[in-house]
Amino acid sequence: MNLHVSHSEYLPVVAADIVMIHRGYGSWQVQSLSDRVTHWLKLEPSSIQGRSPAALFPAAVPAITTLAADVIDQRQDLTDVKLRLFPEQQEFLADIQFAGLTEDYQGQIVRISLRSESVASKQNISFHKMVGSSPAMHEVFRKIRLYAASDAAIIITGETGAGKELVAQALHAESRRHEKPFAALNCAAISEQLLESELFGHERGAFTGALREHHGYFERANGGTLFLDEIGDMPLHTQTKLLRVLEDGRVQRVGGERSHQVDVRFIGATNVPLEQAVAEKRFRSDLYHRLAVLRIHLPPLRDRAEDIPLLVELFLQQFNLRYGKNITRLTNEAIRLLQSYLWPGNIRELRNVIERVVVESETEAIGVRAFTEWIAERQKFSNSKNIIATDDNQRHLPMAIPYTQTTEKNVYNPPPNSAHQGQKVDLSADLIRQAFQASDGNLSAAARYLGVHRATLYRHLQRLNLTRQDLT
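Numbering (the UniProt record's numbering), first residue to last: 1 to 472.
Honestly, the hints are just simulated from the structure, not real lab data.
Mixed in with the good hints, there may be bad ones.
Derived DSBU-like pairs (lysine-lysine); straight-line CA-CA distance at most 30 Å [unchecked claim]:
1. K241 to K281
2. K180 to K82
3. K129 to K325
4. K82 to K42
5. K180 to K129
6. K129 to K82
7. K42 to K325
8. K380 to K82
9. K241 to K180
10. K325 to K281
11. K143 to K129
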C-alpha cells in the first residue's frame with residue numbers, strides 16, 4: 001500500500017471502488033464501497049458491509065461476481081473490462097484485482113475499480129494516469145518504460161503543475177518495486193527545521209516536542225520508491241545528509257546513534273535548473289552528479305498544445321461526474337482559445353479553469369463566451385506584472401498569446417444580457433440578431449458566440465418564430 005497518494009489535479013477519473021469477499025461455494029459479501037457508489041445506491045455506509053453484491057447490483061452487466069470469480073479462478077487480474085452497474089448509467093472501464101486473503105484466511109478479497117472511458121483510453125494514448133499524443137509526451141512514456149527497470153537515481157525536471165509526481169508514480173508502477181511503498185515528500189512545503197526529521201526520522205527526546213520515535217520517509221519507503229519534489233530548494237546541510245544516505249544506504253535518525261540500512265529507489269524532481277543552482281553554490285555539485293544519473297524532462301503544457309483537447313475531455317468527464325452535469329464538449333473556438341494561452345500553471349491551471357466553466361455552465365457545449373471573465377482576470381494579472389516583452393522572455397510571459405479568431409471582440413466585449421459564462425438564459429430576438437450579424441449570417445458561429453449548442457439556438461428561433469430573413 002502506498003504511503004502517500006496524491007490527489008493530483010490531472011488524475012484520470014476513478015468513478016468507483018467495490019471491495020468484495022469470496023467465502024467459497026459462490027458465496028460473496030461486499031466488504032466496502034467508495035463514497036460515490038454508496039451515493040448511487042442511496043444507502044447508509046453502515047448498512048453495506050456483508051450484503052450480497054448480487055442484491056446491491058442486480059442489473060450489472062456483466063455480473064460483477066462473475067468477473068471476480070474469473071480473477072480468482074484464473075489467478076490473473078482483468079483490466080479495461082466494460083461494465084455498467086445500473087441500466088440508466090454510463091458504461092465504465094473496470095479493473096478487477098485479486099487483493100489478498102482476509103485476516104482470518106477464511107475468504108479471498110477482490111477489488112473492482114471503475115473509471116470513465118475517454119478518447120485517451122480508446123486511442124491508447126494514456127499511460128499510468130497521464131494522457132498525451134504529442135511527440136514530447138511519447139518520449140516521456142518511452143523513458144519511463146526504459147528507466148523503470150533500473151534502480152539508478154532519476155531527476156525529473158519540469159515546471160510547477162506539469163505533473164512530475166505522476167511521472168514518479170509511473171516509474172514506481174512499472175518497476176519491480178511496484179508492490180512496495182511509494183512515498184512522496186515536497187521539500188518546499190516543509191520548514192527547514194522539520195525537513196530532516198521527516199526525511200531521516202528522529203528518536204524520542206531528540207528535540208523539544210519529540211515525545212516518541214519517528215520513522216522518516218526513507219524508512220517508510222524501504223523496499224520501494226522515495227520521491228522528493230522540489231529538491232532544488234533543499235537546504236545545504238540537509239543535502240549533505242541526503243548524499244550520505246544515497247552513497248551507503250544507511251539512515252541515522254535525528255538524535256540517534258545507530259544507523260539503519262534501507263533499500264530505496266530514489267527519484268527527485270525540480271522546477272529550477274540544478275546546474276544553475278550548483279553554479280550559484282545553492283546545490284552541492286557532488287549530490288548533483290549522484291542524482292543526475294538518469295533524467296526525464298516533462299514539457300510544459302504550452303509546448304504540447306495538441307494534448308489540450310485530450311486533457312479537456314478528461315476533465316469534463318471528471319467534473320460531469322462530480323457535479324452531475326452533462327456537458328459533452330467545448331466548441332472548436334473554445335479549444336483554440338485554450339491552445340493560444342501560455343499556461344504558466346500548466347495542467348493544474350487548465351484543470352482549474354475547466355472546473356470553473358463546468359460549474360458555471362448549463363449548456364451542452366461550452367463556447368468561448370464562458371471564458372470571458374477568466375480572460376479579463378488573466379489580462380489584469382498580466383498587466384500587474386509590469387513585464388516588458390523581449391525576445392528572451394516573451395515565451396515566459398504569464399498571459400496568453402493574443403486570441404485572434406473572428407470572435408475576439410465578442411470575447412472581450414460581451415453584449416449585455418448575453419449567455420454570460422455559459423449560463424442558461426432565454427435568448428431574446430435582439431440578442432440572437434446581434435450574434436447572427438456579428439457572425440456574418442452563420443448560425444453555427446452565432447451559436448458559438450452565444451455559448452449555446454446550435455440545436456439550442458434553433459429551438460429559440462422556433463420559439464420566437466424567427467427566420468434568417470428576420471435576423472438580417
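Q | Numbers of unmet hints, in rising order | A | 8, 10
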